[in-house]
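Participant: From first to last, the protein sequence lines are chains P and E. Counting from 1, one number per residue, gives the positions in the first sequence under my numbering. Counting from 1, one number per residue, gives the positions in the second sequence under my numbering.
Errors might be hidden in some of the hints.
What the hints assert, rightly or not - Covered, in the sense of this in silico footprint (three residues per stretch, anywhere, with C-beta under 8 Å from a C-beta of chain E), are these stretches of chain P:
1) 15-29
2) 45-52
3) 100-113
To be verified - Straight-line C-alpha distance at most 30 Å; calculated DSS-like pairs for lysine-lysine:
4) Lys65(P) with Lys38(E)
5) Lys3(E) with Lys70(E)
6) Lys65(P) with Lys3(E)
7) Lys38(E) with Lys57(P)
8) Lys70(E) with Lys57(P)
9) Lys3(E) with Lys57(P)
Honestly, the hints are just simulated from the structure, not real lab data. C-beta: ideal position from N, C-alpha, C; glycine also.
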Amino acid sequence: EAQVTQNPRYLITVTGKKLTVTCSQNMNHEYMSWYRQDPGLGLRQIYYSMNVEVTDKGDVPEGYKVSRKEKRNFPLILESPSPNQTSLYFCASSWAGGPYEQYFGPGTRLTVT
Amino acid sequence: AQKVTQAQTEISVVEKEDVTLDCVYETRDTTYYLFWYKQPPSGELVFLIRRNSFDEQNEISGRYSWNFQKSTSSFNFTITASQVVDSAVYFCALSTFSGSRLTFGEGTQLTVNP
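Okay, chain E solo, but in the shape it has when bound (with noise of 0.2 Å):
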């Protein structure tokens, strides 16, 4: 069975601070994928990023960051000079190889103050 853990259930900041948001996984399998998704007030589900287990290197995309470390199991998301567009519920998570199965944390609510 996979898991994921994201034990901030919600981070306040104001803006142009630097917000970490963690995402721990469990998984059996050596090959996996890990996922961020953005949840705005809206409602939809915007697709951030894909990491694959192979591939340990940071990434870095504007203001966003990963920092995938499998050594802890760790796939931590970085904003950086955080905006009151920020503000969403953000979730980590994990796929099987085939990618039939993908498990969700709990998600993590950013909320971004002027």
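In isolation and in its complexed conformation, chain P is listed as follows (with noise of 0.2 Å):
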């Protein structure tokens, strides 16, 4: 089944203890990105891949760093996580070239006190 995947699900962490999220994709996507979802205001973008060892930064990349070693993995890192990073967390894949449909994974919920 294509699919995206991100692990955890669920994460409650303190301040200042480095984390990762996985996320991992069975599609041969070139393209992939995270987004944060906050109430009202909508999903942002905060790293995104165009291929293997390209990555950039979105409209929030503070606090934040991923890493493309390989096609299939998009890693997020949070290096000293901060309370204002408690968020619900996406990645998603897609084709590169073309603004094409991206698929989501199921979504991390983060809680950092």
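Hints in hand, dock the two standalone chains.
Facilitator: Put into structure tokens, the structure is as follows:
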């Protein structure tokens, strides 16, 4: 089944404790992206990757890191999480070379206390 | 910079009513793409439609229809004869030609009451 998976689905952590949210897709998509969803703000793009080893900032990159060493994986790293990073995070993928439909993962609910 | 505005934060209707969700966008690009996504209470994001800036034909898919008007920078979504299962948050989104940047609106929470 074609899908985007994220782990963990739910995470409660404390300020400053490094964490990684994994994202994997099995559709051989070149493009992958991370978004955060906050009430009243919709989804905002954090980082995106047009292909392996090619990443770029979205609208809200501060406090986040990403890497794209393999085509299928695009982990989101929070080196020192803060309470304002409490949010619902979505990973997405699509074919590159044009703005195709993006396939979204199920979301990761992160709470930073 | 690009921007998408969904001025209707919440809409509540009774089943079988028609409802229109508004979407207004801003972009300096001449080529761009517009999308609608649905987020049901279960939380996943479901793609509904994509429209490019050169195609202003309206589209109908079952009870769903979309009205794209470049002159007013709007891409409105109408649900005809709404059903309880249509209850969800609906997002309008705008993409650059390259597809690298996708900008979402704030979302409209639609509640369809029986």
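Participant: Give a verdict on every hint.
Facilitator: Hint by hint, here is what the structure shows:
no., hint, verdict
1, 15-29, "violated (count 0)"
2, 45-52, "holds (count 3)"
3, 100-113, "holds (count 7)"
4, Lys65(P) with Lys38(E), "28 Å, holds"
5, Lys3(E) with Lys70(E), "15 Å, holds"
6, Lys65(P) with Lys3(E), "25 Å, holds"
7, Lys38(E) with Lys57(P), "25 Å, holds"
8, Lys70(E) with Lys57(P), "29 Å, holds"
9, Lys3(E) with Lys57(P), "17 Å, holds"
Of the hints listed earlier, the one the structure fails to meet is number 1.
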